[in-house]
Amino acid sequence: MSWIDIAAVADIPLRGARVVKTKLGCVAVFRTDEAEVYAVSDTCPHKGGPLSDGLVHDRKVTCPLHNWVFSLETGEAQGADEGRIETFAARVENGRVLLDGTALGRRTAA
Amino acid sequence: MKKLVVIGAGMASGRALEHLFETDPEAYEVTLFNAEARGNYNRIMLSPVLSGEKSYAEIVTHDEAWYRANKVTCRFGEHVVKIDRDRKVVVGEAGEVLYDKLIIATGSAPFIIPVEGRELPGVITYRDLDDTEAMIAAAGQPGANAVVIGGGLLGLEAAAGLRLRGMNVTVLHLMGHLMERQLDESAGYLLLKDLERRGIKVMTGASTKAILGKDKVDAVVLEDGTVLDADLVVMAVGIRPETRLATDAHLEVGRGVVVDAQMQTSDPDIHAVGECVEFDGALFGLVAPLYDQAKVLAKSLLGEVDAYAPKELSTKLKVTGCDLFSAGDFAEGPEREDIVLRDPSRGIYKRLVIEGDRLVGAVLYGDTADGSWYFGLIRDGTDIDDMRETLIFGPGFQGGASADPLSAVAALPPEAEICGCNGVCKGKITEAITGGAKDLTAVRATTKASASCGTCTGLVEQVLQVTLGGDFQMPGAQPICACCDLTHEDLRRLIKLKALKSQPAVWQELGWKTPNGCHVCRPALNFYLLADWPLEYQDDPMSRFVNERNHANIQKDGTFSVVPRMWGGLTNPNELRAIADAAEKYKVPTVKVTGGQRIDLLGVRKEDLPAIWTDLNSAGLVSGHAYSKGLRTVKTCVGTDHCRFGTQDSTGLGVKLEQILWGSWTPHKVKLGVSGCPRNCAESTCKDVGIICVDSGYQVSVAGAAGMELKETERLADVASEAEAIDLTVAFVQLYRENAKYLDRPYKWVAKVGLDWVKARVVDDLDERAALIERFEVSQSIYRKDPWAVPAREAGERSRYAPLADLTLEAAE
Ligand code: SRM
Ligand SMILES: Cc1cc2nc3c(=O)[nH]c(=O)nc-3n(C[C@H](O)[C@H](O)[C@H](O)COP(=O)(O)OP(=O)(O)OC[C@H]3O[C@@H](n4cnc5c(N)ncnc54)[C@H](O)[C@@H]3O)c2cc1C
Ligand code: SF4
Ligand code: FES
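Protein chains in written order, with the working numbering: chain A, 21 to 130; chain B, 1279 to 2091.
In short, the hints are calculated from the structure, not lab data.
Cβ atoms here follow ideal geometry from the backbone N, Cα and C, with glycine treated the same way.
Be careful, since some hints might not be right.
[As the list claims (entries may be wrong)] Distance condition first, Cα-Cα at most 25 Å in a straight line; then the derived SDA-like pairs of lysine to any residue: (1) B:Lys1834 with A:Asp101; (2) B:Lys1774 with B:Asp1570; (3) B:Lys2063 with B:Gln1816; (4) B:Lys1589 with A:Asp101; (5) B:Lys1791 with A:Ala100; (6) B:Lys1471 with A:Asp101.
[What the hints assert, rightly or not] If we take Cβ atoms under 8 Å as the criterion, some of the chain A residues that face chain B in the derived model are: (7) Arg38; (8) Asp73; (9) Arg79.
[As the list claims (entries may be wrong)] To spell it out: a stretch of chain B is covered by chain A in this simulated footprint if at least three of its residues, at any positions, have a beta carbon under 8 Å from a beta carbon of chain A; those stretches are: (10) 1447–1459; (11) 1616–1623; (12) 1815–1822.
Taking the hints into account, I'd like the entire structure generated from these sequences.
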């Protein structure tokens, strides 16, 4: 793992998300609590809805297009729906959001 | 004897010396420096000293006799200015001392926010006895105002102490809720309520801009322009390790003085302990870990082997009557599960965070009796799988009861109004029940409660259940979602009855079962709160559906559509040019005339939204709210201006209505039509409010629809003047805003409450009509604003639409 500093946690609204563009496509970074973040694929497996535009509750997000709900921890769709989004390691340290650069296909850490 | 010099007579070094002398009193000859003009005392008890609950003498931990008995050379009131490692001397203000071993135990320095006026007399931090005494002196002045900057542990203890001494205290906290590092929002809300009950004013989201005053502090100014009078300003925004001596001596220093598990610094003869150190990347701010360090340090100095290992921490607030406890970890980590228990009537909130089979965090408010038990489970990593179901009830309980969903109703006072239509209070209903009314029908017959619109039926049933207990069988009402047991109607009524003005207040007081709701209840709750408390409630964009959050309609490919307002369907060459320019500039794939008499730009990229809005704004175009549960369009026909049949100025009236109503949020979307004659070219008879102009005036009708259901409007009233037509419309919309269930269009709501009920308030009762209009105007003073203009101007809000980072732009290797 190589942690890379992405931004200040305050740059993401509480119970909101922002997108990080990567070589693997868009990754959505969710802020579920003052100092709690999760990074997952931004693309809904149902019909490609942008999950970063979804409504965040607890450690879950509801897709803005057709209301599928995903756990941000496991990536699994909740309830009757079946599907999974990819999850990536993310953490907050000293008010900064850190993502795992190796997993996101970045070879050098800036 | 070897010489040991200690810099700093604080909590950590005091404990280390105790261990040292207990094990081997003859090992070292000790010199103890302290910048404060006194020896060791229990710093954490400064709060009771401030509040007057204890005296300084009671918190001294080591007195003169102790220093004498252990032959400690005390140099109190003397700063150490330098460590000379080559000569192995410590340089104090009054001279040098040689050392064989040295302990740096300088603690922390309070952090001072770099605002103008921070050096004025009357601005103090909260760290030592001198600060405490300065605060006590300031509180001696009758009626004096204190502003405490920082709503963490220290700031709140200062605030509570100053308040007990009779000051008017305001706490400014930058974050959204108090003690955000230890508490979640619900516990933060309960704490806020308890502090307010003590007469302490709390302002969250408050950022200090400057401190004003000439010879002494006079006031504090916030970023939003608010000015607060202040005779005393306490800065309690955080601490940083006091590392200056170590840095100057070229020891390894990160954020603190770096030590290993033996509390040794990068120099084998120099140790450090307490808040000034950094161990394994971590800093320390509570005494528990410092005591562990002190033990290890004493052993290291005596050549014994031990290693410091950090443990989980727990926090309590030392404010009498605010019972809170927090321990462990709430952030990060996969596979977490929350267990929440709320007892609104007793102001209790408990939240446990479980990972796998282990408890990893606990927040308790109101009842902290089980805190140490939970803390033990966290610290020991106990397997809690067997107790998972009953864990939240504490060690004494293994039976499996659950929180009582009826407690909110049970807690209502007898004078609380349950039935708004007939003005029936709870006391009257309980009276009827004890008098023999054993079911809903009987209560209705005797009190009239829930006999009109029926939206309070659920509440009446709950009063029945609370009063009759097991004798009453509750019919299954549909709760909003799995987060709570309330129907929309009950929720609306309880928000008003209990004057709940924030989401955490509702979650806590009405017993939400999840930490912060879900996509079903949050948008509804956000609407109810902003509709009921327009001036007090802060709209929460994160509780809105994507379209309302981004002020545009999301498309199936994740792009957005942009629809500017065209008042009453009117436009002009300038606006059309701006729309054409924007369509070209942002490569809009589709431009379409909508069914609502305006133009839709479909397929705009999210990143481009703020920019296209700025362009449209500069031509005078504002958001058309084509995405909102709010006022959409007012369709008009050409009316008297051009049409040979027109009877009144339908276009003009439509424009006026749109200008009054735009920006307002409603339970579902609201559309209007104004037609100039009964030929009805604006399709007014299938709108939420439709007006048809006739020779004698205006026919105002409501509750039509032409979507999934097709429904003709019903006549509200015929009026002679345009002004009265406007008044009726506004009053109707406000009545709908105040009473309807979220996502009920007006036609659905009117079908529930009955058109007669609506007429009685909007048409017949002139006072009520005026009051409705007034409340609408109050709300519009906040919400009649173009949402496109704000993000377009404010950089912070604007950046929300852009990616947080772009990792594809990596430089080539
Ligand atoms: C753009 C437009 C179609 C058009 O090209 O003309 C349109 C587009 C949409 N309508 Fe509509 N409606 C449009 C006029 C209408 C009309 C006609 C009218 O207003 O005179 C109706 C029937 C009248 C009525 O509302 O009763 C209409 C009844 C609906 C309904 C059904 C509402 C109902 O209560 O039954 C929905 C679904 C909903 O709101 O839940 C809907 C929902 C939608 C949504 C927002 C679907 C969605 O959630 O994404 C569509 C957004 C497309 C987009 O991305 O922009 N649209 N929609 C019209 C925009 C009008 C405007 O200028 O704001
Ligand atoms: C009001 C208040 C309430 C608190 N409540 C709690 C609580 O409830 N629970 C809890 O766990 N913790 C609490 N704390 C925190 C706790 O007091 C500290 O963690 C602890 O005191 C740190 O111990 P220390 O020995 O590292 O530093 P300190 O106790 O700060 O001692 C350091 C000493 O070094 C001296 N010094 C610094 N530089 C020099 C120098 N160059 N020369 C000579 N002397 C120097 C200072 O004057 C000071 O006396 C509270 C703190 C305060 C201020
Ligand atoms: S009629 Fe259906 S498909 Fe057409 S715009 Fe309205 S909601 Fe979309
Ligand atoms: S695209 Fe996400 S739920 Fe359909």
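Here is how each hint holds up against the structure:
1. B:Lys1834 with A:Asp101: holds, 19 Å
2. B:Lys1774 with B:Asp1570: The given pair, whose Cα atoms are some 51 Å apart, is violated under the 25 Å limit.
3. B:Lys2063 with B:Gln1816: Distance of about 15 Å is within 25 Å: holds.
4. B:Lys1589 with A:Asp101: violated, 41 Å
5. B:Lys1791 with A:Ala100: holds, 21 Å
6. B:Lys1471 with A:Asp101: Violated. Lys1471 of chain B to Asp101 of chain A sits at ~41 Å, over the 25 Å cutoff.
7. Arg38: holds, 4 Å
8. Asp73: Interface hint status for Asp73 of chain A: holds (4 Å vs cutoff 8 Å).
9. Arg79: holds, 6 Å
10. 1447–1459: Since three or more residues must qualify, the claim that chain A covers the segment 1447–1459 of chain B holds, with 4 doing so at under 8 Å.
11. 1616–1623: violated (count 1)
12. 1815–1822: It holds: at least three residues are needed, and the segment 1815–1822 of chain B offers 4 whose Cβ sits within less than 8 Å of chain A.
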